[in-house]
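Take a look at the letters that make up each chain.
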Amino acid sequence: MRENVTQQNDSFSTGGTIGEVSVKLFAGLAESAGTKELRVAVKRYTVAGVRCALEARLPQAASLLSRSAIAVDGRYGTKNQILHSKSEIAVIPPVSGG
Amino acid sequence: MEGRRVFQFDLTEDPIDTSFVLSTVVSASAGANVLFTGTTRQETEGVITDWLEYDAYKPLAERECVRLYEQAVSKFKIIKCSIVHRLGKVSVGEVSIAVAVSAVHRAEAFASASWLLDRIKEDVPVWKRQVSDTQAFWVHPEQEGHTPRGLNGFPQECDNDMP
Numbered sequence: 001m002r003e004n005v006t007q008q009n010d011s012f013s014t015g016g017t018i019g020e021v022s023v024k025l026f027a028g029l030a031e032s033a034g035t036k037e038l039r040v041a042v043k044r045y046t047v048a049g050v051r052c053a054l055e056a057r058l059p060q061a062a063s064l065l066s067r068s069a070i071a072v073d074g075r076y077g078t079k080n081q082i083l084h085s086k087s088e089i090a091v092i093p094p095v096s097g098g
Numbered sequence: 099m100e101g102r103r104v105f106q107f108d109l110t111e112d113p114i115d116t117s118f119v120l121s122t123v124v125s126a127s128a129g130a131n132v133l134f135t136g137t138t139r140q141e142t143e144g145v146i147t148d149w150l151e152y153d154a155y156k157p158l159a160e161r162e163c164v165r166l167y168e169q170a171v172s173k174f175k176i177i178k179c180s181i182v183h184r185l186g187k188v189s190v191g192e193v194s195i196a197v198a199v200s201a202v203h204r205a206e207a208f209a210s211a212s213w214l215l216d217r218i219k220e221d222v223p224v225w226k227r228q229v230s231d232t233q234a235f236w237v238h239p240e241q242e243g244h245t246p247r248g249l250n251g252f253p254q255e256c257d258n259d260m261p
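Keeping their order, the protein sequence lines are chains D and X.
Position 36 of the first sequence, counting from 1, maps to 36 under the numbering used here, and the rest follow consecutively.
Just remember that the numbering used here sits 98 ahead of the position in the second sequence, which is counted from 1.
It is possible that some hints are incorrect.
Stated by the list, open to error - Below 30 Å or equal to it, Euclidean Cα-Cα: the simulated DSS-like pairs (lysine-lysine) are:
| id | chain 1 | residue 1 | chain 2 | residue 2 |
| --- | --- | --- | --- | --- |
| 1 | D | K86 | D | K36 |
| 2 | X | K173 | X | K219 |
| 3 | X | K156 | X | K175 |
| 4 | D | K36 | X | K173 |
| 5 | D | K79 | D | K24 |
| 6 | X | K219 | D | K36 |
| 7 | X | K156 | D | K36 |
| 8 | X | K187 | D | K24 |
| 9 | D | K79 | X | K175 |
| 10 | X | K187 | X | K156 |
| 11 | X | K156 | D | K24 |
| 12 | X | K187 | X | K219 |
| 13 | X | K173 | D | K86 |
If you are wondering where the hints come from, they were derived from the structure by calculation, not from laboratory data.
Just so we're clear, the structure is a prediction, and the values are computed from it rather than from any experiment.
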């Protein structure tokens, strides 16, 4: 069902995570992570689950992450929004266009 | 010649043709046309900028600009609008953004252009990197008094024990 997700059945060896999702990063977050796209292991297939996974994966970017929104399929996501197959997930740090 | 499209949006790596952007909002119904251009400034709070680099999340940037256009129609009764943002390297003096608006009267045209710029700078996922010969950094402003879009429901507690 979830093409954006890699199922992992052995929860003992994965610290309670149930799979991975790909996340697009931009600007200072991408710079901090050293990549524009990251796969993170999640415990829940929700926006909140992705946020928690990112906080664990990128502790050096904690401050910026706390001020960042998460978009799903080109729309700002809500906390308990469930991720579906082919969901495109992107982290949106504070913007500075214009 | 009046084009039929009432809203145009573009993100481009190429220099922005501001005359063309203005021409796209011309309408027989409009008595006022406003063009705003933002350019790369050489000095910001004592820090010299050699150039800016812009990145964007295109699908969300376009969706947000459409939403802002629809709000501007509702608030200011604008007739046409065009928003063009430059991506990549933008040298000092070059245009990074052009916003053109047409309305029946000048008050609505000026007010809507100003309002659109304010909203774009807070809601649209575009980021600038400020580059000089001594430093380079992405700009992520603290948005005091304004909760960024998409942050509703956060912050949250991450439970590290529960799957």
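Cross-check of the supplied hints:
1. K86/D x K36/D: Roughly 18 Å between the alpha carbons, so the hint for K86/D and K36/D holds.
2. K173/X x K219/X: Between K173/X and K219/X the Cα gap is close to 18 Å, so the pair holds against 30 Å.
3. K156/X x K175/X: holds (27 Å)
4. K36/D x K173/X: violated (37 Å)
5. K79/D x K24/D: Cα-Cα ~18 Å, so holds.
6. K219/X x K36/D: holds (22 Å)
7. K156/X x K36/D: holds (14 Å)
8. K187/X x K24/D: Holds. K187/X to K24/D sits at ~21 Å (cutoff 30 Å).
9. K79/D x K175/X: violated (34 Å)
10. K187/X x K156/X: Given that 30 Å is the threshold and the Cα spacing comes to 17 Å, the pair holds.
11. K156/X x K24/D: holds (12 Å)
12. K187/X x K219/X: holds (18 Å)
13. K173/X x K86/D: Violated - the C-alpha atoms of K86/D and K173/X are around 36 Å apart, more than 30 Å.
Of the numbered hints stated above, those contradicted by the structure are hints 4, 9 and 13, listed in ascending order.
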